[in-house]
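2 protein chains.
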Amino acid sequence: MFRKEIKVLDCTVRDGGLINQYQFRDDFVHACYRAACEAGVDYFEIGKKLEVSDAYPRDQWGKWNFCDDDEIKRCIDSCDAQTRPAMTVMYDVGRVDVSKLKPADQSPIDMVRTACYVADVDKGIDLVRRTKDLGYETTLNVMAPSAAIEVDLVQALGEINEADEVDYLYLVDSYGAFYSEQITAYIELYRKYAPKRPLGFHGHNNQQLAFSNTQQAIIDGVNLLDATINGIGRGAGNCNLELLLNFLKNPKFDVRPIYRVIQEQFVPLREEIEWGFNDIYGISGYLNQHPRAAMKLRANPEERDRCYDFYVESRNLDG
Amino acid sequence: MFRKEIKVLDCTVRDGGLINQYQFRDDFVHACYRAACEAGVDYFEIGKKLEVSDAYPRDQWGKWNFCDDDEIKRCIDSCDAQTRPAMTVMYDVGRVDVSKLKPADQSPIDMVRTACYVADVDKGIDLVRRTKDLGYETTLNVMAPSAAIEVDLVQALGEINEADEVDYLYLVDSYGAFYSEQITAYIELYRKYAPKRPLGFHGHNNQQLAFSNTQQAIIDGVNLLDATINGIGRGAGNCNLELLLNFLKNPKFDVRPIYRVIQEQFVPLREEIEWGFNDIYGISGYLNQHPRAAMKLRANPEERDRCYDFYVESRNLDG
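Top to bottom, those sequences are chains A and B.
Just so you know, we're using this note's numbering here: the first sequence kicks off at 231 and counts up by one.
Just so you know, we're using this note's numbering here: the second sequence kicks off at 231 and counts up by one.
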């Protein structure tokens with residue numbers, strides 16, 4: 231598949247940091263950034279930009295939960311690449327202070343992505359407007375649409391359609407629940423009710439479908455695609471960047487730096503933290519559930535592989 | 231997705247046995263068979279039916295490489311299920327002796343699947359004819375079409391189209407190389423040149439696409455689908471049966487016995503043998519290569535995770 235409009239967003243550090251509360255070493259984050267530069271990806275999301283608070287004390291959360299400008303600059307300066315991805319951070323509705331965000335021309339950040347649930351879409355749009363006013367490129371990532379009541383989702387899409395400050399509207403498969411035919415159906419829905427908004431896609435790999443659903447989004451015309459190195463990310467993880475770059479035939483991409491950083495950084499990291507498909511996440515994805523119960527089970531050495539018990543208990547809770 | 235014509239073939243033991251030379255314990259094979267009975271799958275492929283030879287001495291290969299009738303009967307008798315899948319074995323062109331096959335009405339086998347490369351399709355058709363003459367349901371599984379020269383493949387499809395003894399013609403993604411759009415293109419090719427043959431599909435999971443490609447085959451009208459419990463199979467393995475049964479909404483299927491046998495039998499087995507996606511198989515799939523080089527690398531503890539080196543060396547060999 232080649233389409234020159236397609237852009238790739240590497241959210242390795244931001245989504246991977248959900249596994250370990252952003253406790254990555256600097257050399258790991260800098261190596262990921264260098265790989266993204268050399269691979270030619272279009273955006274690099276380095277973390278969240280939350281406010282320090284009682285819920286998010288700085289000493290318990292790694293620096294990429296807060297993304298101070300000087301830390302981002304240190305990362306950028308660690309690499310002498312000629313071409314660089316646009317630098318991206320994520321905003322969570324209710325956990326940020328936009329009044330502290332500098333204008334884009336005084337900041338190392340190029341794009342701010344705002345994440346919210348359908349119920350908070352007005353707050354999300356407000357944040358997008360205020361970040362756009364400061365000069366940033368913007369996205370609005372509406373989480374868990376697979377679990378939203380459709381009339382609410384349709385209303386939210388209509389509001390987003392009127393918000394010209396939203397540069398990209400994301401279809402997000404938060405629970406890893408979508409099959410390809412549902413990707414197509416939701417993209418049609420988003421196009422019908424938010425026709426003015428270019429679309430992005432962010433998958434999760436609960437059912438081994440993050441990469442194939444990303445392909446389906448491409449086939450259906452989506453041009454901004456999230457992926458992570460080695461598929462790292464919360465729970466079952468995300469679309470593997472290296473598989474996606476192989477699929478995209480654009481000569482601007484070079485997959486070799488991605489395989490190099492996997493070999494050098496991710497192989498040892500896999501001994502420390504877990505991500506990727508397993509039976510438990512497969513069940514939570516199929517049941518269209520938030521992965522928290524599955525993640526809790528995986529953290530319990532006695533229970534982590536008891537997929538039959540998890541399936542039966544999860545279905546009983548349904549009934 | 232629900233379509234009443236869809237049938238599922240569990241080739242757990244046959245494809246999984248390629249990992250360990252069919253050295254499964256009886257209680258494992260019997261547990262798989264019981265799970266398949268209780269889950270309501272349509273076919274259960276218990277192994278290959280090769281001739282003992284210098285290349286295949288009985289003492290080095292497990293019993294499910296030879297599938298003696300009395301061993302199959304012992305498996306069947308180990309389970310008291312009311313409904314049972316049709317019992318299936320695989321024939322490899324050049325390694326079997328069809329003159330020793332009993333007529334179907336004197337055998338515990340219901341279906342014989344013949345596997346061959348495009349170059350051997352005449353030999354494959356001959357074997358199918360002879361097994362059909364003995365009363366068996368038949369398939370012809372043409373391996374590695376992704377690596378075949380299209381004019382040869384088209385000629386083979388034309389011959390298969392005229393062989394009415396072939397009950398199902400299989401599209402086989404031997405190298406795990408296909409993307410969904412290629413599945414669609416090959417199914418169109420098979421339909422164009424072998425319109426009289428109902429189709430089956432057998433995927434491999436090198437690029438995390440075995441399940442999604444099986445979905446694509448379903449969307450494109452294929453009605454006989456291979457899968458294995460927990461995705462077990464050579465190299466990156468196959469389409470996970472449990473994910474597929476979740477996807478298929480047919481009430482005749484019950485996924486719970488599959489999750490139970492995973493919990494009881496496959497979780498401990500994963501400590502003994504390896505299958506499933508990893509970076510090395512992802513590369514061999516992308517490069518449309520036989521997995522033997524990748525399997526050799528995975529067997530070397532020093533090299534098994536050196537994906538960058540494998541990628542660069544594989545590309546250099548290409549050039």
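The set of hints was computed from the structure by calculation and includes no laboratory data.
Watch out, some of these pointers could steer you wrong.
Claimed, not checked - Stretches of chain B that chain A covers, calculated by requiring three or more beta carbons in the stretch to come under 8 Å of a beta carbon on chain A: (1) 243-250; (2) 351-358; (3) 389-401; (4) 491-504; (5) 536-543.
Note that beta-carbon positions come from the ideal geometry of N, C-alpha and C, so glycine has one too.
Evaluation of the provided hints:
| no. | hint | verdict |
| --- | --- | --- |
| 1 | 243-250 | violated (count 0) |
| 2 | 351-358 | violated (count 0) |
| 3 | 389-401 | violated (count 0) |
| 4 | 491-504 | holds (count 4) |
| 5 | 536-543 | holds (count 6) |
In summary, the numbered hints that this structure violates are 1, 2 and 3.
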